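Asker: So the protein sequences, as listed, match chains A, B and C.
Each number in the working numbering comes from the position in the first sequence (counting from 1) with 16 added on.
Each number in the working numbering comes from the position in the second sequence (counting from 1) with 84 added on.
Each number in the working numbering comes from the position in the third sequence (counting from 1) with 298 added on.
Hints are supplied without guarantee of correctness; some may be wrong.
Said to hold, decoys possible - Label pairs and their computed distance ranges (CB to CB):
(1) Glu98/A to Arg629/C: 34 to 40 Å
(2) Gly283/A to Gln621/C: 41 to 47 Å
(3) Gly283/A to Glu311/C: 46 to 52 Å
(4) Trp315/C to Tyr49/A: 48 to 54 Å
(5) Ser293/B to Gly283/A: 30 to 36 Å
(6) Asn823/C to Val154/A: 41 to 47 Å
(7) Lys723/C to Tyr49/A: 19 to 25 Å
(8) Gly324/C to Tyr49/A: 44 to 50 Å
Stated by the list, open to error - Sample of chain A residues with no beta-carbon within 12 Å of chain B, all distances over it, derived:
(9) Asp61
(10) Pro63
(11) Gly99
(12) Thr102
(13) Ala153
(14) Glu157
(15) Asp177
(16) Ser179
Unchecked claim - Covered stretches of chain C, going by a simulated chain A footprint (3 or more residues, C-beta under 8 Å):
(17) 700-712
(18) 718-724
Since the hints were made in silico from the structure, they are not lab data.
Remember, predicted model here, so these are calculated numbers, not experimental data.
By construction, the Cβ of each residue, glycine as well, lies at the ideal position given by its N, Cα and C atoms.
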Amino acid sequence: MNPPSASRIKVRPSAEREGRKDYISIRDFGFWYGQKKALDAISLDIPERQVVAFIGPSGCGKSTLLRNLNRMNDLVDGIRHEGDITINGRSIYDPGLEVISLRRRVGMVFQKSNPFPKSIFENVVYALRVVGVRDRAVLEEACETSLRKAALWDEVKDRLDDSALGLSGGQMQRLCIARAIANRPEILLMDEPCSALDPIATGKIEELIHELKDQFTIVIVTHSMQQAARVSDRTAFFYLGKQIEYDTTEKIFMNPSQAQTEAYISGRFG
Amino acid sequence: MQRFFHDELRQLRDDLILMGERSLDMTRMVLRAVEAGDDSLALQVRGMDDRVDELEKRVDREIMRYLTLFGPMGSDVRLLLAARDIGHDLERIADEASVIAKRSLVISERGPLKNFLHVPQEGVIACEVLRLALDSFIEGDLDKARLVLKRDAEIDTLNRLNYEELFGQSGDNAKVSASHVELIFISKALERIGDHSKNIAEQVIFLLSGEDVRHAR
Amino acid sequence: MATNSDSSTPRGESWVWFTGLGLIIGLAMVVGLLSLVIVNGITVFWAPPVPVVKMADGQGIIGQLAQRRIRPGTPASDPRYERQYQVGLRELNGNSYLWVDEAKIKAEEFPADVLGLERVENGPAFVRPITLKQSDGKVLSITDAEFETSLQSEVAAARQIREKLVEINRHQVGEVNADMESARIGLRRAVDLHQEAEAVTNREIIARLEAQYAILQAEGRKVSEGGAVATLGVQDAAGRSVTVPLTQVIRAWFPNRLDTPGRVQLFFSRLREFIFDEPREANTEGGLMPAIFGTLVMTVFMSLMVTPFGVITAIYLREYAQQGAVLRIVRISVNNLAGVPSIVFGVFGLGFFVYVLGGTIDQLFFADQLKYNNNSPVFGTGGMLWCSLTLALMTLPVVIVATEEALAAVPRGMREASLATGASKWQTIRDILLPASAPGILTGVILAMARGAGEVAPLMLVGVVKLAPTLPLDGTAPFLHMDRKFMHLGFHVYDLGFQSPDSDAARPMVFATTLLLIVLVVCLNIGAIWIRNRLRARFKGASF
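Next comes chain A alone, as it looks inside the complex (with noise of 0.2 Å):
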């Protein structure tokens, strides 16, 4: 990784990109719930172990395009798309793809932080038992590996028997997270991780997603412009279903192309 202070305050160019695969490419990918249309023709590649942040008005679909990514929508009846969503080279809808190890590979972070009724532990764990570990040992280094990497440790490590519902607002979204990089997944997607908390612990899980950019490519979708503006590497504006612009964030923010994204980015929308 580069040193400290040097680059990070040159103006990024696209250059920068080099020496980083695409990971993530999305192509023509149009979605539909039923017969309404979510989403239309959407076209971006997301590099490996950097941020990318889903921008937009409410029903813009950003939310959509970001559950398409590991297929949580295929939990909904009538849904369609066309087009294509490759990981790592390899199609998310090859037939071939078990869709369960799709999601071991791609974490989730929800808006509202969901742990199970289980002690902080047995969270943790949980998606490496559903992978089959079952040595203790294993176990319990993995747990205090992600928890570590969560920012949580320290907190909880004297309680990891207690019910992981007395945590806090912001711990639980840490241990979402923790949850959520367990098994070492590839990606981590984050669905408005922080509309629920408080700016100190939000402060908190955008300092981590700082520290997570190193080792897992990350994309976050927030209502807040000014979180994108904060942690991302490359932001994607959408509205109404169509991906408007697509570009490192300083250029959405310091100079955006589409006078569309000037007008969102300056509060003047609507």
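Following the hints, put chains B and C in place on chain A, whose structure we already have.
Answerer: Frame of chain A, contents of chains B and C only:
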């Protein structure tokens, strides 16, 4: 709580300080070049101006990026606004030093001077005042900043004395040579350097106290 | 000027009083019912002082007061009362209870030597004791100081003899009989199939068993003869004498000599007998142990059967089935099943479970039994298994609905979180949904148990009897006899109330049995609620 982007603010400060040290170095070096008639030193100073210009552009980009992406509040906003002006002033100081260097080259073409009027003294005070202004920023010292505002008057006085001495003896005085006129340019440049130092001190006062002390008197 | 809108009582406040009223009426009814049952039931166990009642015409009776009512036919303005006394001595009086016109009573005395007896046959007796012949032959008179203590020790000795006889006659002879029956079946089969060796073996077994039987019989005779020595000579109010062998006496007490702690002790002793002993005298006396046991076992089996069945069905309906018209129809049918009258389930149980399923099982596995044992069916007749299944079927909708509701109440986020981690649908159900909805499922099981434990009508058709010789769970292999008929508390109440030969004697037992049934159901419910509360505390955050 320290956020990861607060590092960028620190980097910005560091860049400004770097600019300040460079400008101060340039001023000191150019004064030595003038007194010693050292052409190579003068040329070196002119080369350094490019570097300071680059730094100014860099500082401006950093400011704009931070303002856009990280939504600063409170004293961070004042820092960013003050930094922009300080950057400009430092760049102007560097420019003035570069001008002095050019004048020095012209003087030395004509042969060495014997009488420098009050220019060396003015130069020393200008450097002191600039040092004081920079320190007030680096150390966050309001007293030093206010001292700068007072001492700027000394530079103005010396500049005026230079004028009076040179043109007081005029008339048909053949002793007023072209080189002396260059000296007046140098004096003027030093006086402007003092003014820019004063601007920097005003920005520092604004940064530290929120008070806008420009255009007083 | 104050207007209506300024009044401090908010609108609609009067409706709150109505709802409170409804609650109070409901509570009053429950409390009233419980009080009625308790008061009438408790009198079975309490031993008040027993008077000697002298009538105006010189006759007298000794008896415990049972009831008091207005004489039928007297005007309401000037009512005349009559009293019912329990005198016992059915062999002399024909009936245990006598009605006496209150107006004709001259005097009531409570002499100290009045004796109450609970007996194995012919019901209780209230008499005046004259003599006691002890088992060592010595005779005591009522005037002897140690009469009472000797009497009680003789009664205790007699109890031991009775218990020994039960051991011999019921258990040991019973085992011999069971072995003999299977040997006889084997013999008939061997003869039928011309297996000489088999036949010879079986005949030998039968001979051996018959010898054992003779030995046991002799032993039994010896014991009972030994117990016949001790007797009690008593007289009733009319002066008639009766000799009561002490082996016939279950309990003896002097009702007018007891102090309150003594009465309380007697009360609890009778209570213990009520719960733990077996019935006597056509279920009008004795205890309810077999009925309690049968009810418990049946309820447990019913719950064990309905829970997995109901939960799995509910999981399928909610999680796996395709949404559509067929699913809606299935759900409507399940809900309607809850409204079907319970006797219909009994008929279904009889027709399908007993005859079709039971008959098939018998033909497949117990053909020998049928052929060589007079066609007496094993599973082709009513029994514990079919009763449990029938009631499980009846309470199935309750469990299904409760489970579906509990599953639906699990927050969607939990489901999504589990699936997003890469768990399969089944893993999500097993590890997340079922534990989280466990309190709700348990609520459904509690409701099912409460409903099932109280149903009587279907049971009458599929396996409950008035008197069962054996328990469905006992010490003989294979320990759990699902083919046996059993006794049930609810049926017991019906039987006592409507089919008893001696309705006066049965009356207090009806109330006591009802009370016991209520207590049993309440205990079951409390147990299940306690389990549910523990689960709820573990899974705090679940909405049930």
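Asker: A separate judgement is required for each hint: does it hold in the structure or not?
Answerer: A quick look at each hint next to the structure:
In this structure, Glu98/A and Arg629/C meet the distance hint of 34 to 40 Å, their C-beta atoms being roughly 36 Å apart. Restraint check, Gly283/A to Gln621/C: a C-beta distance of roughly 43 Å satisfies the suggested window 41 to 47 Å. Here the CB-CB span from Gly283/A to Glu311/C is close to 50 Å, well matched to the stated 46 to 52 Å. The hinted range of 48 to 54 Å is satisfied by Trp315/C and Tyr49/A, whose Cβ atoms lie roughly 51 Å apart.
Checked against the hint of 30 to 36 Å, the pair Ser293/B and Gly283/A passes, with Cβ atoms roughly 31 Å apart. Between Asn823/C and Val154/A the CB atoms are about 44 Å apart, so this pair conforms to the stated range of 41 to 47 Å. The hinted window of 19 to 25 Å between Lys723/C and Tyr49/A holds, with their beta carbons roughly 21 Å apart. A hinted range of 44 to 50 Å holds for the C-beta pair Gly324/C and Tyr49/A, which are about 49 Å apart.
For Asp61/A, the shortest C-beta to C-beta distance to chain B comes to about 22 Å, beyond the 12 Å cut-off, and the non-interface label holds. A cut-off of 12 Å between C-beta atoms confirms that Pro63/A is not in contact with chain B; the least separation is 19 Å. Distance check for Gly99/A against chain B: the nearest CB is about 32 Å away, which clears 12 Å, and the non-interface claim stands. No beta-carbon of chain B comes within 12 Å of the beta-carbon of Thr102/A; the shortest separation is about 30 Å.
For Ala153/A, the non-interface assignment is confirmed: its Cβ lies about 34 Å from the closest Cβ of chain B, beyond the 12 Å cut-off. With a closest Cβ-Cβ approach of about 28 Å to chain B, Glu157/A is found to remain outside the 12 Å limit, as its non-interface label requires. The beta carbon of Asp177/A sits about 30 Å from the closest Cβ of chain B, which is more than 12 Å, so the claim that it is off the interface holds. The non-interface label for Ser179/A is consistent with chain B: the shortest C-beta to C-beta separation is roughly 28 Å, beyond 12 Å.
Given a C-beta distance limit of less than 8 Å, the hint that chain A covers the stretch 700-712 of chain C holds, as 3 residues qualify and 3 suffice. Check result for the stretch 718-724 of chain C against chain A: holds, 5 residues qualifying (beta carbon to beta carbon below 8 Å, three or more required).
The structure meets every hint from the earlier list without exception.
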